[in-house]
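*Asks:* Read top to bottom, the protein sequences are chains A and B. In terms of numbering that gives the first Met the number 0, the first sequence opens at residue 0 and continues consecutively. In terms of numbering that gives the first Met the number 0, the second sequence opens at residue 0 and continues consecutively.
A hint or two may mislead.
Some chain A residues judged to face chain B by a derived CB distance under 7 Å, without partners named [to be verified]:
{"no.": "1", "residue": "Lys74"}
{"no.": "2", "residue": "Gly102"}
{"no.": "3", "residue": "Arg104"}
Listed below are the simulated DSS-like cross-link pairs for lysine-lysine, each with C-alpha atoms no more than 30 Å apart in a straight line [as the list claims (entries may be wrong)]:
{"no.": "4", "chain 1": "A", "residue 1": "Lys74", "chain 2": "B", "residue 2": "Lys21"}
{"no.": "5", "chain 1": "A", "residue 1": "Lys37", "chain 2": "B", "residue 2": "Lys52"}
{"no.": "6", "chain 1": "B", "residue 1": "Lys45", "chain 2": "B", "residue 2": "Lys93"}
{"no.": "7", "chain 1": "A", "residue 1": "Lys87", "chain 2": "B", "residue 2": "Lys63"}
{"no.": "8", "chain 1": "A", "residue 1": "Lys38", "chain 2": "B", "residue 2": "Lys66"}
{"no.": "9", "chain 1": "A", "residue 1": "Lys108", "chain 2": "A", "residue 2": "Lys38"}
{"no.": "10", "chain 1": "A", "residue 1": "Lys6", "chain 2": "A", "residue 2": "Lys74"}
{"no.": "11", "chain 1": "B", "residue 1": "Lys66", "chain 2": "A", "residue 2": "Lys74"}
{"no.": "12", "chain 1": "A", "residue 1": "Lys108", "chain 2": "B", "residue 2": "Lys63"}
{"no.": "13", "chain 1": "B", "residue 1": "Lys30", "chain 2": "B", "residue 2": "Lys52"}
{"no.": "14", "chain 1": "A", "residue 1": "Lys74", "chain 2": "B", "residue 2": "Lys52"}
{"no.": "15", "chain 1": "B", "residue 1": "Lys38", "chain 2": "B", "residue 2": "Lys63"}
{"no.": "16", "chain 1": "A", "residue 1": "Lys37", "chain 2": "B", "residue 2": "Lys104"}
{"no.": "17", "chain 1": "A", "residue 1": "Lys21", "chain 2": "B", "residue 2": "Lys93"}
{"no.": "18", "chain 1": "A", "residue 1": "Lys87", "chain 2": "B", "residue 2": "Lys21"}
{"no.": "19", "chain 1": "B", "residue 1": "Lys104", "chain 2": "A", "residue 2": "Lys108"}
{"no.": "20", "chain 1": "B", "residue 1": "Lys21", "chain 2": "A", "residue 2": "Lys45"}
{"no.": "21", "chain 1": "B", "residue 1": "Lys45", "chain 2": "A", "residue 2": "Lys37"}
{"no.": "22", "chain 1": "B", "residue 1": "Lys15", "chain 2": "A", "residue 2": "Lys108"}
{"no.": "23", "chain 1": "A", "residue 1": "Lys74", "chain 2": "B", "residue 2": "Lys45"}
{"no.": "24", "chain 1": "A", "residue 1": "Lys87", "chain 2": "B", "residue 2": "Lys104"}
{"no.": "25", "chain 1": "A", "residue 1": "Lys74", "chain 2": "B", "residue 2": "Lys93"}
{"no.": "26", "chain 1": "A", "residue 1": "Lys21", "chain 2": "B", "residue 2": "Lys104"}
{"no.": "27", "chain 1": "A", "residue 1": "Lys108", "chain 2": "B", "residue 2": "Lys66"}
Now the stretches of chain B that chain A is said to cover, found in silico as 3 or more residues with beta-carbon under 8 Å [stated by the list, open to error]:
{"no.": "28", "segment": "40 to 46"}
{"no.": "29", "segment": "94 to 102"}
Just so you know, the hints here were simulated from the structure itself, not pulled from any lab data. Just so it is clear, the structure is predicted and the values come from calculations on it, not from any experiment. Glycine is no exception: its CB is placed at the ideal position from the N, C-alpha and C atoms.
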Amino acid sequence: MNEDFPKYYDYYHREEIIEGVKLLSAEDRNALLLEKCKKAMSLMEKYNSGTRGHLRGWIEHEMNYINCMEGFENKFIENQISHLIFEKDQLMGVTMYLHDPRGLRIAMKTIERIFTSLIEELTPYE
Amino acid sequence: MSDNLPRDFTILNRPKIREGTKALSTEDRNKLLLEKCNKVTSLMEKYSAGHRKYVLCLIRDEVKYLKYIRGNENHFIENQITRLTFEMNLIDRKAAYINDQRGFKNALEAINTNLTLIIEELNSEIQSESGD
């Protein structure tokens, strides 16, 4: 895998991530996405167990990184990433889920489901 | 309910829908939302049964109408309508679900779930209002 581009999200490094990911082979790109999804998923598990505040930022960063990943030929992955970014943007809207805990739970479940199906899709068959 | 409020969505009708629905009472607005959601649900059944192209335009217009309904204070319904709009936009984008049958099925399921949740919420609101 090309080591020249950032492995963590930073607002000022978006271009480098986009360009770096584009240059990866399909196999490496999938492996990187799988790694990011697993990381986000493990953070989500901690987030749901009650350790909210600082984890939210980490999960957001992982999602932002995924948002910068382009060049997938698998349409399912592309569409699931679009869904993920929509849910993230909704969650980041400050007043979006105020007075709507039920909607928040649905959003969190949807995000978990998206990560699960992405991990399923990306995990190579043995 | 006001007679000036357009019943169907067109681009030119958007301001009238926004203003008209803002002026409605909560009860009337909920009834209108319920009517529109039921309409989308019945159209979705046709859509899933295979009558794609023609029905999609009708569903899209109903969802757009829902999007322009203003004055709803229930955040849950608002958020679910936003999600519904997103899913519809993605389906409407020509190339989005080409070669992605699984994603397409997921999207249809998500839309139906959204509609069910909105209808349930509206029914319980309407019931509690009539109980008051």
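*Asks:* Going through the numbered hints above, which ones does this structure break? Give me the numbers in ascending order.
*Replies:* The structure conflicts with hints 3, 4, 5, 8, 20, 21, 22, 28, although it agrees with all the remaining ones.
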